[in-house]
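Counting from 1, one number per residue, gives the positions in the sequence shown under full-length UniProt numbering.
By construction, these hints were calculated from the structure, which means they are not laboratory data. One thing to keep in mind: the hints can contain errors.
Unchecked claim - Derived EDC-like pairs: lysine to aspartate or glutamate, alpha-carbon spacing no greater than 20 Å straight-line:
hint : residue 1 : residue 2
1    : K331      : D301
2    : K331      : D243
3    : K303      : E361
4    : K303      : E267
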Amino acid sequence: MPQIAPIPLAQLTTLRAGGIPARMVEARTRDELIDALREIWAAGDPWLVIGGGSNLLVGDEPFEGTVVLVRTRGIERLPAPEGRVRLRVEAGHDWDDLVAYAVAEGLAGIEAMSGIPGSAGAAPIQNVGAYGQEIVETLVEVELLDEATGEVEVVPASDLGLGFRTSVLKHHYGEVPRRSGVIVSITLELREVGHGEVPVGGVQLRQALRLEPDAAVSLRWIRDTVLATRAVKGMVLDDADPDTHSAGSFFQNAIVSASFARTLPPECPRWPLAPSVAPVTVIPLAAFDGVVPPPVSTQPDVKVSAAWLIEHAGVGKGFRLPRSRAALSTKHALALTNRGGATAAELAELARYIQQRVQSEFGLLLQPEPVLVGVEL
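The whole structure should be built from the sequences, with the hints applied where relevant.
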């Protein structure tokens with residue numbers, strides 16, 4: 001097992017918080033990754049896998065277990081249907097490097113997710129997405145090292161329970177994953193569109209890019225525009241900018257019932273999760289008695305803007321508690337940031353305050369998006 005001297009987790013996470021683990025392993029090949037995890041699991045040690053460290057808030061106390069750094073890299077082309085390209089990507093490969101590769105090769109499907117920090121192997125765990133694109137749309141399968149069996153299994157995307165920022169593998173706050181394992185590689189299927197201008201599908205992406213419905217642009221233009229948009233919001237990592245010392249959006253946009261959404265102020269941004277389609281009632285002719293039952297009204301759940309709720313609960317951009325080194329980003333109300341030397345306890349204190357303000361004002365408890373290890377809200 002390629003063990004190295006433990007490094008403070010504050011140096012390995014984008015929130016820049018976290019204590020020193022008891023042990024640390026750096027896996028640079030898939031065999032090293034598999035062998036290390038099997039050995040750790042056989043010993044029964046607590047374990048934590050870190051790729052880019054962009055979706056973690058780790059506690060200040062030492063982690064009494066083994067941290068596995070996934071440093072595997074590589075992209076392999078696989079056979080695919082005509083007009084498509086399948087890419088098998090090692091788990092430790094940088095996500096944005098993968099997007100850059102796809103755009104350079106004229107492959108469409110992930111360009112709107114440019115600039116998202118983290119590794120390829122972490123992307124399916126929370127079904128990463130941005131501007132209307134999600135990995136569920138292009139993910140074919142993953143190679144999963146299953147903790148229960150110690151074997152590598154090819155798992156179709158349809159078996160991962162991919163939903164809004166979730167999967168069966170995600171460690172939600174206060175819950176355990178429905179399936180425990182580590183992704184070794186992911187396989188995506190992308191469309192070959194080349195380097196010319198192509199129509200932009202998806203209303204949310206067109207709105208974000210300020211494009212007309214019939215607009216056509218290149219993948220390169222989309223990537224450059226998304227990167228510039230994210231940079232304005234402090235959502236592209238930059239060592240010199242404390243607004244980027246974050247885990248991205250700390251709170252999830254809330255999914256609520258249509259009836260609850262109506263209790264929120266009408267100006268609160270919201271998006272129905274599915275179209276409201278009138279059900280079709282089929283009555284066999286032999287059973288028809290001249291009476292048609294009234295239709296049953298079904299309304300889809302609604303996604304509402306957590307950023308709007310936070311700001312309208314009186315917690316504005318740049319807010320910080322007295323004497324705290326944690327603050328909301330000055331550019332983006334969803335990002336909790338480390339302004340320099342903030343502890344995990346300070347970040348958690350700010351997160352709790354925001355939760356309490358939103359709940360008091362709107363009756364809604366926001367849920368954290370990052371994985372919390374050794375931290376309570």
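Going down the list of hints, with the structure as the test:
1. For the hint pairing K331 with D301, the CA-to-CA distance comes to about 29 Å; that exceeds 20 Å, so the pair is violated.
2. Restraint check for K331 and D243: the C-alpha separation of about 7 Å stays at or below 20 Å, so the hint holds.
3. Straight-line distance between C-alpha atoms of K303 and E361 comes to about 18 Å, which keeps the hinted pair within the 20 Å bound.
4. Restraint check: the Cα-Cα separation between K303 and E267 comes to about 14 Å, which is no more than 20 Å; the hinted pair holds.
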